[in-house]
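K.L.:
Using the sequences and the hints, build the whole thing.
Going down the list, the protein sequences come from chains A and B. Those letters in the first sequence? Residues 1 to 213, per the working numbering, in order. Those letters in the second sequence? Residues 214 to 418, per the working numbering, in order.
Hints are computed from structural coordinates only; laboratory data are not their basis. Each hint should be verified, as a subset may be incorrect.
Claimed, not checked - On the chain B side, residues computed to face chain A include the following (Cβ under 10 Å):
id : residue
1  : Leu215
2  : Thr330
3  : Glu342
Claimed, not checked - Covered by chain A, per the in silico footprint, the following chain B stretches (three or more residues, Cβ under 8 Å):
id : stretch
4  : 304 to 313
5  : 350 to 361
We treat Cβ as the ideally placed atom computed from N, Cα and C, and that holds for glycine.
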Amino acid sequence: MRVKEQKVVRMDKLTLTVEGVWMTTWRDGVERGEETRVRAIVHWAGEKPWSISCVMDDGVLSPYAGTELARQYGSAMADRHARQFLRWLGMCFTDEASRLFNSLDSAYLFNPEYRQKPSAIDTCWRLACVGVIASTLAITFNQLRVAVCKSFVFDIENYRKYVPLGIYEIVGECLCNFANAGGEELDLAAAFVELAEQRLKEKEVSADGVSVR
Amino acid sequence: MLHKGPTVYRRIVFPTAALEARARWRAVNGKAGKTMLRVRVYYLDDQRVREYSPALFRYSSDPLNALLFSRQAAIEEAMQEAIEATDAYLIWLALALQDESALLFDGMTHFFKFQSTAPFASSMLYGAERMGEWALLLRVGCALAESEICRHFADSWSQHLKTLGAFLQDWAYRPEERVAEVVVYRDVDGQFAIKDAREVVRVLP
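P.N.:
This is how it looks when you write it as structure tokens:
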């Protein structure tokens with residue numbers, strides 16, 4: 001069985017599709033395990049799309065009461081991991097290294113300090129898993145950052161207007177909000193303008209001495 | 214100008230398999246340089262070799278090619294860099310074999326700057342990426358040592374693993390040669406034994 005959930009982020013000429021795929025894995029002709037992958041499909045307008053993927057989770061097959069329940073579970077897992085990936089992407093933009101580190105650790109438990117007598121081989125395996133995810137995140141992050149840099153946000157007028165607010169922080173916040181809300185498609189440019197304008201208004205009001213918060 | 218330094222080899226030879234870590238410095242675009250580590254497993258019985266994906270040790274800004282006045286000095290610098298890469302692999306492997314997870318984690322995260330205190334999330338990600346490649350190669354080393362020792366020295370194998378780890382930790386810093394190896398063998402009494410076989414450098418398949 002294979003279930004797919006997609007999240008699409010559009011920014012200027014880039015369409016980034018984050019696809020969570022949950023599937024059962026077969027060995028010796030028997031359905032034995034399950035695996036959740038995240039695939040990031042990078043599509044620049046006028047160019048051929050390409051993708052990278054990583055395994056986010058794998059393990060023994062959960063016992064389901066029926067096919068429909070299995071499908072629902074798979075869909076929830078695929079959605080959860082796609083959203084988690086987008087949240088981590090958001091943290092990269094907001095530059096919250098500490099939060100990203102802790103979030104990765106709570107997902108993959110690689111820090112032996114917080115576990116009871118982990119074996120070194122297990123620690124190596126967990127670090128290797130995180131490395132693969134970090135690699136996928138880093139590539140996706142770079143692509144999206146290039147798209148932001150090429151977009152209207154970096155036109156000289158907009159740049160002057162938005163740079164005091166922290167352009168990448170706002171992009172990161174938009175991604176995190178989208179991941180938390182659980183929507184299917186994000187027009188990052190529109191979300192950016194909306195959030196940035198809101199921040200500008202808040203700034204103006206607080207400069208007058210009246211806080212809206 | 215030096216394009217490639219000499220390759221440094223470190224091997225652990227078990228009764229039926231050998232683990233080889235090899236590292237080499239090479240110039241990148243004629244300006245900077247990088248040192249890569251490769252790990253190979255030789256299956257001695259059936260003459261098979263398996264090589265794993267290489268891992269980056271580190272980039273070096275141009276200290277080596279600055280030494281244009283002396284090619285020999287540049288070669289020595291390049292070899293030193295490669296020795297450091299293989300040393301790092303053996304030291305971390307030694308810690309892993311001794312089940313020193315906390316020390317291994319601290320050492321690797323510090324070296325690759327994969328820490329919660331990193332100034333930028335992006336640099337932390339690049340560190341994690343490189344660390345992941347190394348972790349995979351370390352896992353290969355651990356798995357081979359574990360399977361070989363379990364297979365040939367089944368009695369108190371976990372103790373033997375720790376002994377090998379302790380031996381490697383001392384040994385890793387010592388060899389200055391280009392090729393050096395450790396042999397895990399059965400001594401005359403049939404017991405587990407390890408020796409530094411510097412002068413016995415074998416030709417592997």
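K.L.:
Of all the hints given earlier, name the ones this structure violates by number, lowest first.
P.N.:
1
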